[in-house]
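The task is simple: from the sequences and hints, build the whole structure.
2 protein chains.
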Amino acid sequence: MKKRMLSYLFSATILATSSAYADQALRDRANAIFKPVPDKLTEVAGEKIMPAQVELGHKLWFDPRLSRSHLISCNTCHNLSIGGGDNVQVSIGHGWQKGPRNNPTVLNAVFNAAQFWDGRAADLKEQALGPLQAPVEMNNTPERIEATLQSIPQYVEEFKNAFGGKNPVTLANAARALAAFEATLITPNAPFDRFLKGDDKALSKAQKEGLGLFMNTGCTACHNGVNMGGQAYFPFGVVKKPGADILPAEDKGRFTVTNTASDEYVFRASPLRNVALTPPYFHSGEVWDLKEAVAIMGDSQLGRELTDSEAEAITAFLHSLTGDQPRITLPILPPSSATTPKPDHELPAQIRVGAADTDL
Amino acid sequence: MKKRMLSYLFSATILATSSAYADQALRDRANAIFKPVPDKLTEVAGEKIMPAQVELGHKLWFDPRLSRSHLISCNTCHNLSIGGGDNVQVSIGHGWQKGPRNNPTVLNAVFNAAQFWDGRAADLKEQALGPLQAPVEMNNTPERIEATLQSIPQYVEEFKNAFGGKNPVTLANAARALAAFEATLITPNAPFDRFLKGDDKALSKAQKEGLGLFMNTGCTACHNGVNMGGQAYFPFGVVKKPGADILPAEDKGRFTVTNTASDEYVFRASPLRNVALTPPYFHSGEVWDLKEAVAIMGDSQLGRELTDSEAEAITAFLHSLTGDQPRITLPILPPSSATTPKPDHELPAQIRVGAADTDL
Chain A
1 MKKRMLSYLF SATILATSSA YADQALRDRA NAIFKPVPDK LTEVAGEKIM
51 PAQVELGHKL WFDPRLSRSH LISCNTCHNL SIGGGDNVQV SIGHGWQKGP
101 RNNPTVLNAV FNAAQFWDGR AADLKEQALG PLQAPVEMNN TPERIEATLQ
151 SIPQYVEEFK NAFGGKNPVT LANAARALAA FEATLITPNA PFDRFLKGDD
201 KALSKAQKEG LGLFMNTGCT ACHNGVNMGG QAYFPFGVVK KPGADILPAE
251 DKGRFTVTNT ASDEYVFRAS PLRNVALTPP YFHSGEVWDL KEAVAIMGDS
301 QLGRELTDSE AEAITAFLHS LTGDQPRITL PILPPSSATT PKPDHELPAQ
351 IRVGAADTDL
Chain B
1 MKKRMLSYLF SATILATSSA YADQALRDRA NAIFKPVPDK LTEVAGEKIM
51 PAQVELGHKL WFDPRLSRSH LISCNTCHNL SIGGGDNVQV SIGHGWQKGP
101 RNNPTVLNAV FNAAQFWDGR AADLKEQALG PLQAPVEMNN TPERIEATLQ
151 SIPQYVEEFK NAFGGKNPVT LANAARALAA FEATLITPNA PFDRFLKGDD
201 KALSKAQKEG LGLFMNTGCT ACHNGVNMGG QAYFPFGVVK KPGADILPAE
251 DKGRFTVTNT ASDEYVFRAS PLRNVALTPP YFHSGEVWDL KEAVAIMGDS
301 QLGRELTDSE AEAITAFLHS LTGDQPRITL PILPPSSATT PKPDHELPAQ
351 IRVGAADTDL
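Which chain is which? The protein sequence lines are A and B, in order.
Counting from 1, position 114 in the first sequence corresponds to residue 114 in the numbering used here; the numbering is continuous, with no gaps.
Counting from 1, position 1 in the second sequence corresponds to residue 1 in the numbering used here; the numbering is continuous, with no gaps.
Derived from the structure by calculation, the hints contain no laboratory data.
Honestly, I wouldn't trust all of these hints.
Because identical chains share one entry, a pair is satisfied inside a single copy or across any pair of copies.
[To be verified] For lysine-lysine, the following BS3-like pairs were computed, each having C-alpha atoms within a straight-line distance of at most 27 angstroms:
| hint | residue 1 | residue 2 |
| --- | --- | --- |
| 1 | K98 | K342 |
| 2 | K197 | K252 |
| 3 | K342 | K291 |
| 4 | K59 | K35 |
| 5 | K40 | K241 |
Below you can see the structure in the form of structure tokens.
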């Protein structure tokens, strides 16, 4: 009896040890490819994040007066209650117009090498200028935005505190404040990050298997780094073009930015942080099921038909990328004054179309 | 020298004393008509407010999946960042359709005797059912709302905790949870409330003058109690009908509820708490300037042409009704599941119109 117990304990120990070895090997490989989301950012591209700018950006983020209609704020489409996106196929903006692409999350966007699906904005400051002015989104103009902000005494004060200078209430500074706030919208402490840092128990067996597959099948060629994507551009359909429903012929992706034939149907690799929270998937927003999206990626990007259980395991792994969501207090916005431009719900006379007019 | 000083001190004391007497007299009159907003409510109509219901209601309040489009939450039109309304003429809902009336604030709505401009909902529970289903607002159906909530495991759990019973995930319980949350949306500690409680310095000289005028000219006939309105119905134009721009002929107000000729153009007296935050004014939302609204009320309801300085003083007093705004944390919403009904942005086949279909 005693002997059998000892032998049992001995086997269990060997199993645990070998499993711990296997976990450490998996972790070592993963740590060479990925990086955990930090708990806090203090600077972006060498520039310190300034609390007064974050505080102002926090208000601007929720302020519907940045839109011509006074109905749409940044948070309308990048909703921080649901993973920083909008969970609809394509965003709906001014006049209930449909945007042309699915909405990328703002969470961890600070880690992307460039913004938008086609990377046409270098950073968050530049990105913020897009949706504010896109006729199918917030449909505003620089003049109107600046007149609005200048008409609100408390904003004038906060712009002064945040930026100083002679004429601080500008669209450019509003974009800087928004970017500062967005730099705080990161999601540390995902199960995957805890695994990277040494906690074997942070991932389930299926998730570890999925992580192994994710690295072995080559997903990591595009999805790597802290944001597991967002760093470089790749054709959708490296190996095999998906159907026209998923990759509509009219949206040529990065081609519209570079005008280079080789950039046709090229998009920035999607960052995968919090991907379980942000259906539907792809720039076309055509796929609601994450496992189906994984299978399509295997097929189109890697030329590999994943088995159902492989797709299942990778999907389980992707669920481990959901981090702690930022806890945000709803700001109390400073009231308008008599000179604040009034809301305007009319459709623009000329509804311009084309990816360059949108923010996605 | 000493004598002159003494005489000066003596006069100052008399002045201060007489001013303190005057303030106390004003306060006594005001306390007979108004009541301060309490710091916290613990029950509504004899029913205890349950924390689990408030917590669930807090999530539902911000959940855009209660709308057919997945774009519109309660907070879209009753925005807690800007005084619990939307600061546009009439609310804009599903398909960018315009609602028929200006949006009443949710703040302190728990103190109203009935809800909506025409009082057609007895309480907040009943009110919540309106916008959820109105085709020009959230355009949802009870079946679809219940299917949505039932498809989200964390909601099922929270409904169980909040309500118990065999089948707690119902539209009726969702409305109860929303009403519980809304009962927390009160704004204590306005300068006027501090004055009512004994702080002479809480109101400026102009505000005290305005308060006196507000009582002397008869505004208090309709605007009284804790919410300074919201308790009874009155014709818009008791003495003199305002122009058709401000009182459009087609909206007959409470007549649509009671079908009684004497209720034509009758509306619930607007509660005036936080009125400085909630332009534009009147059910038609036609007037942006609070002083102008005051002058119109004097004219149409009291048959009294207020002088500019009287309207100014009353307006100053109305600014003292802005209380502490509720500080709300943005909830993190539970994710959808595979069975959650998908967003639908199409316009309803038959766009029904008429006040009975709307929530305002």
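Index of numbered hints that the structure contradicts, given in increasing order: Hints 2, 4, 5 not satisfied by this model.
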